[in-house]
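Protein chains: 2
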Amino acid sequence: MPITTREWQLAARPHGEPTPDDFRLVELERPDPAEGQVAVRMLVMSVDPYMRGRMNPGKSYAARWEIGETMKGGAVGRVVASRSPAVPEGALVLADAAWRDVAVLDAAHVRVLPELPGIPPSYHLGVLGMPGLTAWAGLFRLAEFREGDTVFVSGAAGAVGSLVGQFAKLNGAAAVVGSAGTPEKVRWLTEEVGFTRAFDYHDGPVAELLAGAAPEGIDVFFDNVGGEHLEAAIGAFNEFGRGALCGAISGYNATEPAPGPRNMFMMVTKKLSLRGFIVGDHADLRDEFTTKVTRMVTSGDLVVRETVREGLENAVDTFLDLLRGGNTGKMVVKLAD
Amino acid sequence: MPITTREWQLAARPHGEPTPDDFRLVELERPDPAEGQVAVRMLVMSVDPYMRGRMNPGKSYAARWEIGETMKGGAVGRVVASRSPAVPEGALVLADAAWRDVAVLDAAHVRVLPELPGIPPSYHLGVLGMPGLTAWAGLFRLAEFREGDTVFVSGAAGAVGSLVGQFAKLNGAAAVVGSAGTPEKVRWLTEEVGFTRAFDYHDGPVAELLAGAAPEGIDVFFDNVGGEHLEAAIGAFNEFGRGALCGAISGYNATEPAPGPRNMFMMVTKKLSLRGFIVGDHADLRDEFTTKVTRMVTSGDLVVRETVREGLENAVDTFLDLLRGGNTGKMVVKLAD
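Same order as they appear, the protein sequences are chains A and B. The first sequence runs 1 to 337 under the UniProt record's numbering. The second sequence runs 1 to 337 under the UniProt record's numbering.
Each hint should be verified, as a subset may be incorrect.
One copy or any two copies: either way a pair holds, since identical chains are not told apart in the list.
Claimed, not checked - Pairs of lysine-lysine, DSS-like flavour, derived with a Cα cap of 27 Å:
1. K169 / K59
2. K169 / K334
3. K271 / K334
4. K169 / K292
5. K334 / K270
6. K270 / K72
7. K271 / K292
8. K72 / K169
9. K59 / K334
None of these hints come from the bench; they were simulated from the model.
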């Protein structure tokens, strides 16, 4: 008995900011699982800034979405039919397989998740998932965070940024400074998340706002934004400052290359390092990360916030809103209970 | 009996390109060495691109030259009078103490040099001195050079660049590509120094020239030039490319900040690292460096070239010529036999 499912397909490649017309919601029938496969009903799916790159024609680090094919992305679901003993019916699983209601997948392409009290399924897409590991790897491995460092996080109210700041604080940062795009986010960062200081980057030149928020200079920079933020951080670095470059959302919809930092000579004079990275290259950290961060979540040490929207039919609007900064913390779309 | 000496003093801080009027040659009398001091007659002095930074009013990594005071810089000399048993008369020494004929120095501020056959004094200012260790630390420590890498060196015909290429070649680079500023330098690099390919950066956009010279992409970039060269290297990097940023001579005389690289987003997508450095932070490598490179020099494995000018009175013109690219290999001024 074939399975009826709705799926989002890429309809067109955007030039600049994507619009709803670049996507198409279709209803399809998919065959039942074959030997070694499982059918997964999706409970919650992820929208992430990096997905903007999957819409582009060129090569990116994540597999490109093809026109007329169903888009992929992180999701947590429940196995509703199984022909694999390793992934039984009823199991909670993670797969790179939304944007859809139901997916039929090779069992080798899903990961069975533990079901722990206090850990809702969506956390495996955020604090305990790809964004969490991104924050962890970037802060500790790429930026070589050390106790006593002052840390600056751009896009600090996002899924990754809000964790970077907290990981740093819990590990002895002298101060944690963040930028965000609305007064509410700034308030949330300082009043609830525990950032030492934060600013709204619309309030003036980032370099000036950062100098005011981190008069002692910064030792570590975790960049989700790029552009003007990167130049400001280079200017604010103390000697031997270290930057982990995770994303550059300020340029994702750009149609022309943004101007680069005009102060690159400071890389030499202040002996700075900048290192770009993709979380997929740091999967060796996952066991340590999962153990430690699960404990932080269940103990209540971490402030975890999600922006949750409902319904597969709203997934595209949610994604477009994410690219405009409409999220605080991790943004997800709830698909089923 | 006081010592008569000529000394170059900084007369003015330049705005943009320095001119001879920014310097002044004076004749002075200096007192004989006190207890614990030595008098050193300088044999050869160094002019280096980094000295341009010492002329500026702001803070740089090397101590600023003060107006009306004698400029400092690397030099090799012979001790002509000593009141320190550790540094006897007749010793060959290295000191940060030219631009002058004779310096009276605390013995603790000079380093006694070995006198080896086949090693002229000037080599301690170049291949066996600061430029050599700069090439060594940048290539092996900062850029983490590995056998099989393709290496791109900007300003490859200079004191540092010509060594970077040779160290890489001797350690199993797949290819070594260099840029330089004249056809003669390009020819020297490929025909005599052993670079795989080289180009004159005046011949077109650096990105295009580099793509032609390194069609396989580059794994390591050693930057002496900055600006357009840095952007070109970021564009040409293979995944996990590593850049050691040593200098940015293209901007040293600039009065406005140069545009930055417009392709910084590739830092993330290609997982690149860029690390600025100053050789002084890597003195722990000096013993290994000196042992290995002395052997390379005496065995004839290294092509060592110097551009030698004569006479303290010509030191400023030599320095200004260096900033315009008038040197091939290490540039020095011979002061005495």
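Practice prompt. Identify every previously stated hint that the structure contradicts and give their numbers, smallest first.
Written response: 1, 2, 3, 5, 8 and 9
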